[in-house]
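K.L.:
Since the structure of chain A is already known, use the hints to place chain B on it.
Protein chains in written order, with our numbering: chain A, 1 to 338; chain B, 1 to 338.
Simulated from the structure, these hints should not be mistaken for lab results. All of these numbers come straight from a predicted model, not from anything done at the bench. For each residue, glycine too, the CB sits at the ideal point set by N, CA and C. There are no misleading hints in this set.
Derived contacts from chain B toward chain A, CB cut-off under 7 Å, selection only: (1) ALA202; (2) ARG282; (3) THR283.
Simulated restraints, written as ranges between beta carbons of each label pair: (4) A:ARG170 - B:PRO109: 49 to 59 Å; (5) B:ARG106 - A:PRO133: 15 to 25 Å; (6) B:GLU116 - A:PRO109: 21 to 31 Å.
Sample of chain B residues with no beta-carbon within 10 Å of chain A, all distances over it, derived: (7) THR50; (8) ALA115; (9) ARG117; (10) PRO253; (11) ARG255; (12) LEU277; (13) VAL307; (14) ARG324.
Protein chains: 2
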Amino acid sequence: MNTIALPQPYLLFLGDTTEPGYAKTAFGLRDWAPERCIGEFSVPGATVTTGLPFLTPAQAASAGAKAMVIGVANAGGFIPPAWLDALVEAMEAGLDLIGGMHARLRDFPRLRETAERLGRRLIDIRIPPERIPVATGKARTGRRLLTIGTDCALGKKYTALSLARAFQSRGVDATFRATGQTGILIAGGGIPMDAVVADFAAGAAELLTPDAAPSHWDVIEGQGSLHHPAYAGVSLALLHGSQPDVIVVCHEPGRDRVLGHPDYPVPGLRETIELALRLGARTSPRIRCAGISLNTGKLDADEAARVIAAESERIGLPVADPIRGGDAFDRLVASCLA
Amino acid sequence: MNTIALPQPYLLFLGDTTEPGYAKTAFGLRDWAPERCIGEFSVPGATVTTGLPFLTPAQAASAGAKAMVIGVANAGGFIPPAWLDALVEAMEAGLDLIGGMHARLRDFPRLRETAERLGRRLIDIRIPPERIPVATGKARTGRRLLTIGTDCALGKKYTALSLARAFQSRGVDATFRATGQTGILIAGGGIPMDAVVADFAAGAAELLTPDAAPSHWDVIEGQGSLHHPAYAGVSLALLHGSQPDVIVVCHEPGRDRVLGHPDYPVPGLRETIELALRLGARTSPRIRCAGISLNTGKLDADEAARVIAAESERIGLPVADPIRGGDAFDRLVASCLA
Numbered sequence: 001m002n003t004i005a006l007p008q009p010y011l012l013f014l015g016d017t018t019e020p021g022y023a024k025t026a027f028g029l030r031d032w033a034p035e036r037c038i039g040e041f042s043v044p045g046a047t048v049t050t051g052l053p054f055l056t057p058a059q060a061a062s063a064g065a066k067a068m069v070i071g072v073a074n075a076g077g078f079i080p081p082a083w084l085d086a087l088v089e090a091m092e093a094g095l096d097l098i099g100g101m102h103a104r105l106r107d108f109p110r111l112r113e114t115a116e117r118l119g120r121r122l123i124d125i126r127i128p129p130e131r132i133p134v135a136t137g138k139a140r141t142g143r144r145l146l147t148i149g150t151d152c153a154l155g156k157k158y159t160a161l162s163l164a165r166a167f168q169s170r171g172v173d174a175t176f177r178a179t180g181q182t183g184i185l186i187a188g189g190g191i192p193m194d195a196v197v198a199d200f201a202a203g204a205a206e207l208l209t210p211d212a213a214p215s216h217w218d219v220i221e222g223q224g225s226l227h228h229p230a231y232a233g234v235s236l237a238l239l240h241g242s243q244p245d246v247i248v249v250c251h252e253p254g255r256d257r258v259l260g261h262p263d264y265p266v267p268g269l270r271e272t273i274e275l276a277l278r279l280g281a282r283t284s285p286r287i288r289c290a291g292i293s294l295n296t297g298k299l300d301a302d303e304a305a306r307v308i309a310a311e312s313e314r315i316g317l318p319v320a321d322p323i324r325g326g327d328a329f330d331r332l333v334a335s336c337l338a
Numbered sequence: 001m002n003t004i005a006l007p008q009p010y011l012l013f014l015g016d017t018t019e020p021g022y023a024k025t026a027f028g029l030r031d032w033a034p035e036r037c038i039g040e041f042s043v044p045g046a047t048v049t050t051g052l053p054f055l056t057p058a059q060a061a062s063a064g065a066k067a068m069v070i071g072v073a074n075a076g077g078f079i080p081p082a083w084l085d086a087l088v089e090a091m092e093a094g095l096d097l098i099g100g101m102h103a104r105l106r107d108f109p110r111l112r113e114t115a116e117r118l119g120r121r122l123i124d125i126r127i128p129p130e131r132i133p134v135a136t137g138k139a140r141t142g143r144r145l146l147t148i149g150t151d152c153a154l155g156k157k158y159t160a161l162s163l164a165r166a167f168q169s170r171g172v173d174a175t176f177r178a179t180g181q182t183g184i185l186i187a188g189g190g191i192p193m194d195a196v197v198a199d200f201a202a203g204a205a206e207l208l209t210p211d212a213a214p215s216h217w218d219v220i221e222g223q224g225s226l227h228h229p230a231y232a233g234v235s236l237a238l239l240h241g242s243q244p245d246v247i248v249v250c251h252e253p254g255r256d257r258v259l260g261h262p263d264y265p266v267p268g269l270r271e272t273i274e275l276a277l278r279l280g281a282r283t284s285p286r287i288r289c290a291g292i293s294l295n296t297g298k299l300d301a302d303e304a305a306r307v308i309a310a311e312s313e314r315i316g317l318p319v320a321d322p323i324r325g326g327d328a329f330d331r332l333v334a335s336c337l338a
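Next up, chain A with everything else stripped away, as it sits in the complex (with noise of 0.2 Å):
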């Protein structure tokens, strides 16, 4: 399987985003993966910032920093021209080039002539593994957990991670595995599972989450979502190959419409839950939910535990927000680990 051995640490570029939404490579790595990350960079007209030292691709050279990762996504995954400038201006500074786009660095002529004349590299973190098989569908033996969104850009990544971590502080030998670029980036490998030619995607999750000791867990990144009107197949065949025996659903209260897609309203917590398990049957029989994963973040402290209360009654499950923690948190993991 692709691992990748990144140049470190890293300058975060956020190009000329104003939706957060789309930089959560940027805030996943902050939040992660902080010893790597020294400072961001952005271009004129961004209004989205990690908090980190705004930094000139000079000044973060100077700092140490080896290689500015491309931050942020847009739909569909391209490199806007405004950014060119940008990427070009780091190469000189002595840094090379991390993308996890659908539109590779090298791609682009002026970047691939940058590189070549400077000596630096161009790293797509996208491009898949070589010869992945088609699924078989066939048990494994270990345990798995796959978080399962009710849109995109709402939490699934971060509830792995959590979850991995709470597993492994408990004793629990746990393997957070990373399927996009983000996940990539903190985990230093994995398969960017939405760069799979779709014939293969169930079987890339196959191969992402292999055989392992029967107390071994895996906790799987989700992608997308179910109900996505683009991305709901990438959804159900990372559900199929991953074969999870528990899914925790990660949802952002508040959130009413599909992240990009305002016609489409989020799908309910009951619906998505009963949908994921019904599909999920197909290849993992005795699959359940141990409970849901709210982002709060945008919610005051008493507002978030009231949600957090409410939904858990509504819901009959277990529900925290991994980044608040707490018992509700504790009470998350017993629920998977159960």
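P.N.:
Then chain B, alone, in the frame of chain A:
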């Protein structure tokens, strides 16, 4: 959108295939483009035949063939070493090669060198168009029908071709939309859905079935099955992206286990209809099932008539075998257009 102009007529290559289900490309060309097929060729061990005359590549070239089509697929779409001598022989006889597998002809050095030396073309029809957009989920004008399978290789393409012809014969403006290699060979264009990167699969289905006149029908070839352990993600992306007004569910009576995945039962018709309508309603709220297409090729005429009548009674919808036609098929067509 990519369309392809292929050298014709074809010699159909059957490899060393013993499983008829894997030779659907060859059977489809024989049945739907007979004027383009002058014979078949295979290597020792093959037991599958199209019934066309067996011709060596040299005999086929003398008879006017311009290309040899690899008319079989194996699980995963690879080219086994046992086929390579035959492919080289075809080029030496003067034929171009047309392939529709995931493995690209051009990736085999021996084939590439032979083609370059002899001035032959290696044509891979499974390469999707460049720059497929992410699906928008927005409603489009015109009407759409998608065939939905209970498994692979049981008649989704045949059904779509039959319905498109039947619509046209009734004066309805209809276009067959191909999503796989055989359909593309027959139609001369389309998008190889299973070769699209997973994130763009629903977008590819939108691209394949664009805005059209309100009375126009796109009749879309389905792929895989929503219950398939390896390919359900492709099927769901195609369902979401094609936004069908009407589905027709395709099944083979007696097919109890998923082809190539004997641990998996084939789902029932009611279950398949219900799941497809539920999932499809996400992007096409008024989706309905017009009826069932049964592949009764393994039954005699009396058995077929009995099964068709019994299933129609049981399900409460028109049921027909498009290959057998008759009143039952007329009722299915009328139900689609109702």
